[in-house]
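These protein sequences, in sequence, are chains A and B. Per this note's numbering, the very first residue in the first sequence carries number 1; after that it's consecutive. Per this note's numbering, the very first residue in the second sequence carries number 1001; after that it's consecutive.
None of these hints come from the bench; they were simulated from the model. Each residue gets a CB set at the ideal place from its N, CA and C atoms; glycine is no exception. Check before you lean on any hint, since a few could be wrong.
[To be verified] Short, incomplete list of chain A residues facing chain B, as computed with Cβ under 7 Å:
1. 133
2. 134
3. 195
4. 196
5. 197
6. 200
7. 202
8. 266
9. 270
[Said to hold, decoys possible] Below, computed lysine to aspartate or glutamate pairings styled on EDC-like, alpha-carbon distance capped at 20 Å:
10. 250(A) to 210(A)
11. 46(A) to 123(A)
12. 95(A) to 1284(B)
13. 253(A) to 215(A)
14. 152(A) to 286(A)
15. 250(A) to 211(A)
16. 95(A) to 1325(B)
17. 1258(B) to 1308(B)
18. 95(A) to 1207(B)
19. 197(A) to 1207(B)
20. 1407(B) to 1327(B)
21. 151(A) to 257(A)
22. 208(A) to 239(A)
23. 197(A) to 1234(B)
24. 180(A) to 1207(B)
25. 253(A) to 286(A)
26. 30(A) to 54(A)
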Amino acid sequence: MGFNRKDLLGIRDLEVSEIEHILELAQSLKEINMRAIKKVPTLRGKTVIHLFYEPSTRTRTSFDIAAKRLSADTYSIAGSTSSMVKGETLLDTLKNLEAMRPDVFVVRHSASGAPHMLARNTEASVINAGDGMHEHPSQALLDMLTIIEHKKRLDGLKVVIVGDIFHSRVARSNIWGLTKMGAKVTVCGPTTLIPPKIELMGAQVGYKLDECIADADVIMVLRLQKERQQQMLLPSLREYSTYFGINPQKLTKARPDVLIMHPGPINRGVEISPEVADGPYSVILDQVTNGVAVRMALLYLLAQR
Amino acid sequence: MKSDENSGAFIFRNGRVLDPSREFDRVADVLVLDGRIAEVNAGLDLGSDISARVRAIDASGKWIVPGLIDMHVHLREPGEEYKETIASGTAAAVAGGFTGVACMPNTHPVNDCAAITQFILERAKYHGSCRVFPVAAISRNLEGNNLAEYGELRDAGAVAVSDDGRPVTNALLMRRALEYAQTFDLLVIAHSEDPSLSGGGLMNEGEVSTRLGLRGIPNAAEEVMIARDLLLAELTGGRLHIAHVSTAGSVELIRAAKARGLSVTAETAPHYFTLTDDLISGFDPVYKVNPPIRSSRDIAAIKQGLADGTLDVIASDHAPHSVVEKDLEFEFAANGMIGLESSLPLILELVREGVLSPLQAIAKMSSNPASILKIPFGTLRSGAPADITVIDPDVEYVLDVNRFRSKSRNCPFHGRPARGRAIMTLVGGEVAFSE
Chain A
1 MGFNRKDLLG
11 IRDLEVSEIE
21 HILELAQSLK
31 EINMRAIKKV
41 PTLRGKTVIH
51 LFYEPSTRTR
61 TSFDIAAKRL
71 SADTYSIAGS
81 TSSMVKGETL
91 LDTLKNLEAM
101 RPDVFVVRHS
111 ASGAPHMLAR
121 NTEASVINAG
131 DGMHEHPSQA
141 LLDMLTIIEH
151 KKRLDGLKVV
161 IVGDIFHSRV
171 ARSNIWGLTK
181 MGAKVTVCGP
191 TTLIPPKIEL
201 MGAQVGYKLD
211 ECIADADVIM
221 VLRLQKERQQ
231 QMLLPSLREY
241 STYFGINPQK
251 LTKARPDVLI
261 MHPGPINRGV
271 EISPEVADGP
281 YSVILDQVTN
291 GVAVRMALLY
301 LLAQR
Chain B
1001 MKSDENSGAF
1011 IFRNGRVLDP
1021 SREFDRVADV
1031 LVLDGRIAEV
1041 NAGLDLGSDI
1051 SARVRAIDAS
1061 GKWIVPGLID
1071 MHVHLREPGE
1081 EYKETIASGT
1091 AAAVAGGFTG
1101 VACMPNTHPV
1111 NDCAAITQFI
1121 LERAKYHGSC
1131 RVFPVAAISR
1141 NLEGNNLAEY
1151 GELRDAGAVA
1161 VSDDGRPVTN
1171 ALLMRRALEY
1181 AQTFDLLVIA
1191 HSEDPSLSGG
1201 GLMNEGEVST
1211 RLGLRGIPNA
1221 AEEVMIARDL
1231 LLAELTGGRL
1241 HIAHVSTAGS
1251 VELIRAAKAR
1261 GLSVTAETAP
1271 HYFTLTDDLI
1281 SGFDPVYKVN
1291 PPIRSSRDIA
1301 AIKQGLADGT
1311 LDVIASDHAP
1321 HSVVEKDLEF
1331 EFAANGMIGL
1341 ESSLPLILEL
1351 VREGVLSPLQ
1361 AIAKMSSNPA
1371 SILKIPFGTL
1381 RSGAPADITV
1391 IDPDVEYVLD
1401 VNRFRSKSRN
1411 CPFHGRPARG
1421 RAIMTLVGGE
1431 VAFSE
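Given the sequences, and given the hints that come with them, work out the whole structure.
Written out as C-alpha cells, the structure reads:
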C-alpha cells in the first residue's frame, strides 16, 4: 500500500489501492481544515507552482489553499490558452520555472495531454488539474470522497453522469475511478454529447433521463456550456433543459436518498434547477470542501517523494 | 552530378532483378552504359573493351530494381528551408532508395506559377541528388477559388496538380480542375477531406480519441470527399489520383470505382498500414498526421487494397517539421511525419508478411507512380535512363533519425528494428548514394 508516483496525471493510471490510499489520507487531513489555526508544517520549504493556462476559480483556489495549509510556498502563473500566443512555448516556460527548483507543478491546460508533456520534461512532480477533455483526477477523487462520506461505500453503487459527456474531463476521470472502485456508471445525455465508444471505458449509455435515474444512488450533473448551440450540437438550451435538466419533478422518479453532485460552475436553470442545486439532495458544497482535503493529500504524497 | 570518363558504366552481376514494368523477376546481370540501361540478361558476356570501362559490382543476394519514385513528398523549399531543402530532401531520398520524388506545392510561396516550378527545377538541377517532379497547385495560392495556370505550369515542368494539405472544398472548382487539367494531360491529385467533418480534429475518431479527450476525425471525413471526387471524375473523364488513403471505407469506394472502369488511381503511405491510433496514448506529437493514423481494421483494409491493386502506389507523404512545430502540446503541434528514409524497410515488412510479392511492392514504388505521372522512369528496359536502386533485403538494423539526411527528425519509426534497405542508388547512371 502506498503511492510512489512522481506525477498524478490521470485516474486511469491508478491502482485501486492507490485510490484508497489517497482517499484515506484525505479523510485524515480533512480535520486540519476544521481547526481554528488551519496550518501544519508538513510541506515547509517545498515550492508549489500553479500553472493555469485556462480560467479556473474553484480548482486553483482549492489547490492553493491546500498547499498553504500544508505550509508550502505557492506561486501562480496564469497563461493564455495557447502558450504560442505569448511567443514562448509551454516547454520553454517549464524549463525556466524548473530552473527555480520547484517541487510540484499543478497544471491546468485547455489541451489534452499538456500535463503529460510537462511531466516527461521535468524532475518536479506534476499534478493534472484538468487537461482539455481528457482527465481531471483531483475532481474525481473529491467526488469519490464525497460519495463515500454519504454512502459509506462506492462498491455496488449506481452513479449516473448527466449532460455533456463529450467535452467533460470530469466525466472521464469519474468513469475510470468509480468503475475501478466497483460502482456502476451510466452516462446520459443527448447523442451529440455522448462521445463514440464511451462504453469501452466501462460506462453504460442511456438517452432517457427518467430510466437512467430511476434506481440511481448518485446523479452527477455536468455543466452545459452555452457555446454548444453554435457547434450544432444542440438546437437550444431550452430543449436541453426540458429533456436533461435536473429539476424537482424529474427527481420524483429517483431514489429518496439520491445524492446530487455537480463539479461547478453551475448554470442555474439550464442543467440544474435552483431548487435542486440548493435542495436537500445536493452535496455540491461538500464536494468543494472535500476538494481541499483531497488536494492536500495529493500535494503531501507527491511533495514528500 | 559529377562525371568522369567511366561515368555511367556499370555491370551488376547476379542480382535478383525485379522489373515490374515487364513482370521480370529473375537472377540476371544489368549492364549500364552511357547513363542508360544497356542490357538485362543472365550471364552477360562483355567484350574486353566494354569490360575495361565498366565498374563491375557483385550483386548476388541483392535486389536490382528500377529507381524508386516517391510521388508524394514535401521538400519545403522555397520558404521553409529550416525544415528541409531540395538539397537535404533529395539527399534523404537517395539514401532511402529513391531516384525521383514528386514534391507538393504547399511551399511559400505556393508553387502555383511557372516561375516557382522553374525555381524548384533549377534548385534540383544544381543542388539535388535525385530527380524532382514538381506538383503544382490546383488553385491559385491553394485558396480554392481560382484555377492555377495549368498550361504554363505543365510547360515549366509540373507533372500534376494538387492542393495537397488542403481539400478542394468547392465541388465546382474540383470539377473544373478535372476538366481543365485534361487540356494539358495533367493528373489531379486529391487531398480528400471534408473540413466541416474533420474541423478541429486531432486524431482518428474512435475509442482512443474518446479516452484521450482529443477531438476525432471520422473516417467519413475522408470518404465523403473521395465519393464526391470519384463522381466528378466520372462526370468529367479527368485523371484523378487519391492521395494518402487512410480508411477501409475509402478503399471500398476506390475499388468499386475501378470496377466501374473509372480512370482513378490511389496511394497510401507506410504509416497507414503500420501505425494504429492507440500509439497516441502518450500524447506524442510525432504521431500527429493528417489524415490521422487509424484503427487496426483500417490497416487490414489498406493491406487488402494494396494486395488486390485497389491502391496503386505507396508514397511516404514525407512532411518535415522542426521542433518549433512539433515540441508542443499535441493540439498545437503540426501534422506530418518524415518518411523518405523509412519507407522502403516498412514496405519490405509487407513483403515478409506475404501481403505483397516483391514485384508488387516494387511496382508500387516505381513503375506504377511513373505511369500515373506519365514520366519515362520506373523501368529497367533497355534504353531507359539508368535509374537503379540496389536493395539489400536482409540487412538488419535499427532505424535511427540521427543518421537521416533529412533536416527534420519527426519520424515515428525511430528505434524500430528494420530489415532491408537501399545500399546503392543510381540516378542516370551516376552513383547518387552508396553505402
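- Item | Evaluation of the interface hint that places residue 195(A) against chain B, nearest CB under 7 Å | 4 Å, holds
- Query: Are the Cα positions of residue 95(A) and residue 1325(B) separated by 20 Å at most?
  - Reply: 18 Å, holds
- Hey, residue 253(A) versus residue 215(A), does the alpha-carbon distance stay inside 20 Å? Roughly 8 Å between the alpha carbons, so the hint for residue 253(A) and residue 215(A) holds.
- Message: Can you confirm whether the C-alpha distance between residue 95(A) and residue 1284(B) stays at or below 20 Å?
- Response: 18 Å, holds
- Message: Let's test the interface hint: is any C-beta of chain B closer than 7 Å to that of residue 134(A)?
- Response: 3 Å, holds
- Message: Checking one constraint from the list: CA of residue 1258(B) to CA of residue 1308(B), max 20 Å. Satisfied?
- Response: Since the Cα atoms of residue 1258(B) and residue 1308(B) sit roughly 11 Å apart, the hinted pair holds (cutoff 20 Å).
- Message: For residue 180(A) and residue 1207(B), compute the direct alpha-carbon distance and say whether it is at most 20 Å.
- Response: Distance of about 19 Å is within 20 Å: holds.
- Message: Tell me if the straight-line CA distance from residue 152(A) to residue 286(A) falls inside 20 Å.
- Response: 15 Å, holds
- residue 250(A) and residue 210(A): Cα distance at most 20 Å? 7 Å, holds
- Query: Can the restraint linking residue 151(A) and residue 257(A) be considered satisfied, given a maximum Cα separation of 20 Å?
  - Reply: Given pair residue 151(A), residue 257(A) holds - Cα atoms ~9 Å apart, limit 20 Å.
- Query: Between residue 253(A) and residue 286(A), is the straight-line Cα distance small enough, at 20 Å or below?
  - Reply: 24 Å, violated
- Item | Satisfaction of the residue 200(A) interface hint, Cβ to chain B closer than 7 Å | 5 Å, holds
The structure does not agree with the numbered hints 7, 8, 9, 18, 23, 25 and 26 stated previously, though it agrees with the rest.
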